[in-house]
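2 protein chains.
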Amino acid sequence: MQQHRIEADYLLETPDDPERTAATIAGEQSSGTFVRVPGETPELLERAAARVVKLEVIDRFTGQRALPTAHPTPDNERLTRARLTLSWPLATMGPSLPNLMATVAGNLFELKQVSGLRLLDIRLPEPFAAAYTGPKFGVEGTRRLAGVHGRPLIGTIIKPSVGFSAEDTATLVARLCEAGIDFIKDDELQADGPNCPFDDRVAAVMREINRCADRTGKKPMYAFNLTGDLDEMKRRHDLLLKQGATCLMASLNSVGLVGMIELAKFSQLPIHAHRNGWGYLSRHPLLGWSFAAWSKFWRLAGADHMHVNGLANKFSEPDESVIESARSCMEPMFATRPCTVMPVFSSGQGVAQVPGTYAAVNTTDLIVTAGGGILAHPGGPGAGVSALREAWDAALQGVPQADYARTHPALQTALGATA
Amino acid sequence: MQQHRIEADYLLETPDDPERTAATIAGEQSSGTFVRVPGETPELLERAAARVVKLEVIDRFTGQRALPTAHPTPDNERLTRARLTLSWPLATMGPSLPNLMATVAGNLFELKQVSGLRLLDIRLPEPFAAAYTGPKFGVEGTRRLAGVHGRPLIGTIIKPSVGFSAEDTATLVARLCEAGIDFIKDDELQADGPNCPFDDRVAAVMREINRCADRTGKKPMYAFNLTGDLDEMKRRHDLLLKQGATCLMASLNSVGLVGMIELAKFSQLPIHAHRNGWGYLSRHPLLGWSFAAWSKFWRLAGADHMHVNGLANKFSEPDESVIESARSCMEPMFATRPCTVMPVFSSGQGVAQVPGTYAAVNTTDLIVTAGGGILAHPGGPGAGVSALREAWDAALQGVPQADYARTHPALQTALGATA
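Top line first, the protein sequences correspond to chains A and B. Note that my numbering gives residue 229 to position 229 of the first sequence, counting from 1, and the numbers run on in steps of one. Note that my numbering gives residue 90 to position 90 of the second sequence, counting from 1, and the numbers run on in steps of one.
Hint data in this document are derived by calculation from the structure and do not stem from the laboratory. Quick caveat: nothing in here was measured; it's all calculated off a predicted structure. Heads up, the beta-carbon is just placed ideally off N, CA and C, and yes, glycines get one too. It cannot be assumed that every hint is accurate.
To be verified - Keeping only pairs whose Cα atoms sit at most 27 Å apart, straight-line, the calculated DSS-like set for lysine-lysine is: (1) B:K219 <-> B:K265; (2) B:K112 <-> B:K136; (3) A:K136 <-> A:K242; (4) A:K219 <-> A:K265; (5) A:K234 <-> B:K234; (6) B:K112 <-> B:K54; (7) A:K265 <-> B:K265; (8) B:K234 <-> A:K265; (9) A:K54 <-> A:K112; (10) A:K54 <-> A:K136; (11) A:K136 <-> B:K234; (12) B:K219 <-> A:K234; (13) B:K136 <-> B:K54; (14) B:K54 <-> A:K234; (15) A:K242 <-> A:K265; (16) B:K136 <-> B:K242; (17) B:K136 <-> B:K218; (18) A:K265 <-> A:K234.
To be verified - To be clear about the criterion: a stretch of chain B counts as covered by chain A if any three or more of its residues have a C-beta under 8 Å from a C-beta of chain A, and this derived list gives those stretches: (19) 161–174; (20) 244–257; (21) 297–307; (22) 405–417.
Can you make the complete structure from the sequences, with help from the hints?
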């Protein structure tokens, strides 16, 4: 373990000398403090200190700092942006995800010399691969349980997000089942409130799902949002198993890393990982986390599906960022254990985004969810599902959407409603 | 429970109409989606929708958006900043901290109409007070275990942060004990790595701490960083109890909310809550979290001590923000259950900050930690502790520090070293 090292890449902006700033970050995040203390010997530094592996200046300019800081301003404010790679010996922390987080994303974002810092990526040595659950289902397990092959899972979200009773939810689910939906998820705001208790919702919804499976031989996958305290999640998981459910959902920023690690340990179902709150972690381009770095924590902890937003989404995220996130889900984390997960597209998705999405990711190993895009189809949810299926059929066959729509009325109507 | 409501205050910036933006946020975070869907009836909205309680415009100006967004730009970019208060019925989620987080801090930061959004504060209805552990020790329990009354706990952090063996750590602890230290903490980078295993460190350190307690009748409080997976934290906690330790430490962003809730359930020791990573949650003034809002989650979950940075700190945080955070720790959360916690001052702290800190918070119910400020004192750690104690004695007696230093050489030396 002595030789193994962890690496992290950052985007850095500083009004100070970039090399001095890089050394300060490395010191702060390993042996150092602000002043030299007794005991910080050369041998200790060799054994325990973080190293600046690479510092590549990408821009020098005169302008405004990305983030306010009390660092003194020279007369002519010169700022440097750089890509910085640090490495740490695994021996100071061991293969522990919570302690990794404190190391690569701890007290470094607020350093005075830093007017911008974003964690771009991390690379973990092999001992991490064996230390955590990882995705138990991933793409293959999800496809097997959902009975969908050769195309994306077409999914939707129960809307209104909150306010439906358990029976209201089941009524909508029954319609979606009839429409041939592959995947349905609870909204992240719906977990176990008095207005729609989890147990009642599971009973009512699974009655419809199991009925559909009995009738058609295909069981739509429903991701029940079991986010809550640990004992609640365990109890809800066991209920899902008993009722024949095939997926559970958890809000990552709500359960946190230890909550997710524990959930993954006992879960016998695919974990649909919702990233709500992602905006506060990522919205500023020079602060916080890139999805590629952040999602590796959850992938190794045990997520099977990761939300990545969608093209032309209703949020502020640009398409390039969405595509980069989706692709990162499919990049292996370790040679021995890829920990690849299924990206989930959502947010204002409809037929319009299908050709671009397929062109960008070049795979069908996706879950594509549309809330309004299915439920607000003028022909009803059934036509909404058909339209999305038809849009993917067209994309997979390489037929322009408008041409395909001429013989597929649900798609035609969806295109008309979008235009 | 039907009548109880949750409230959250935000600082909002928008290039769009502020009332429309407020309504969009309320809709997105309750019943709504981007388009009207069947089932979103007036009755459902009355029962389940979030309400805009208050929208107070504080600035209208022409300028640059705080955060980039794809929202269309009018020719003359007019931006509005406003304070927004939303409320939600408790009945849609119940008194669940994880689901509260998905509601007040979920998918709202990334809305296209939002060019800045920061959660300023939250107010929770009484059912939350009974649902979680809250601080089991707080100020009183901490003072009782540390044997310190009428003044702040003077503390330090083991430095170098990583690299010491268990015995190296104990050697330093022995010197700090001799110097009369009240409180010592592990660095957040030091948990259970192969270079300094937790069990070895506890055994070596508690040997010195217990020896000191036997000799002097006062047991310095040592916050052992047990951050890790849940079973590891449980095992480490039990070891701490067995060895007579009086405090444990956990990194909040590493364990996450469910990890903290579980830890607090079984912990029989005060929980020293480290906020490393706070920079990525808070560094931009128009994004993320204020400490007052964020800390309420952890206070109710069970933290006893919360880090608040320090005056004239080595990070980028301004003094006003530090003071506001410290004061928020002492504001009651519920009429029946204050959940007040002990603020922990740190980061480049020394004798210089003492008068300002006392003037700002007007209480001695604090933990004041100095790493370099104690360990790098020219007279050694013992003189470092004495200097800080003397600085607080002077502040409490209302004597100017320079005057007091004339008869207190350790303080005199510290002032000289600072100047």
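Results of checking the hints against the structure:
no.: 1; hint: B:K219 <-> B:K265; verdict: 25 Å, holds
no.: 2; hint: B:K112 <-> B:K136; verdict: 42 Å, violated
no.: 3; hint: A:K136 <-> A:K242; verdict: 19 Å, holds
no.: 4; hint: A:K219 <-> A:K265; verdict: 25 Å, holds
no.: 5; hint: A:K234 <-> B:K234; verdict: 18 Å, holds
no.: 6; hint: B:K112 <-> B:K54; verdict: 21 Å, holds
no.: 7; hint: A:K265 <-> B:K265; verdict: 20 Å, holds
no.: 8; hint: B:K234 <-> A:K265; verdict: 16 Å, holds
no.: 9; hint: A:K54 <-> A:K112; verdict: 21 Å, holds
no.: 10; hint: A:K54 <-> A:K136; verdict: 35 Å, violated
no.: 11; hint: A:K136 <-> B:K234; verdict: 25 Å, holds
no.: 12; hint: B:K219 <-> A:K234; verdict: 40 Å, violated
no.: 13; hint: B:K136 <-> B:K54; verdict: 35 Å, violated
no.: 14; hint: B:K54 <-> A:K234; verdict: 39 Å, violated
no.: 15; hint: A:K242 <-> A:K265; verdict: 18 Å, holds
no.: 16; hint: B:K136 <-> B:K242; verdict: 19 Å, holds
no.: 17; hint: B:K136 <-> B:K218; verdict: 21 Å, holds
no.: 18; hint: A:K265 <-> A:K234; verdict: 10 Å, holds
no.: 19; hint: 161–174; verdict: holds (count 6)
no.: 20; hint: 244–257; verdict: holds (count 6)
no.: 21; hint: 297–307; verdict: violated (count 0)
no.: 22; hint: 405–417; verdict: violated (count 0)
Hint check: violations occur at hints 2, 10, 12, 13, 14, 21 and 22; the rest are consistent with the structure.
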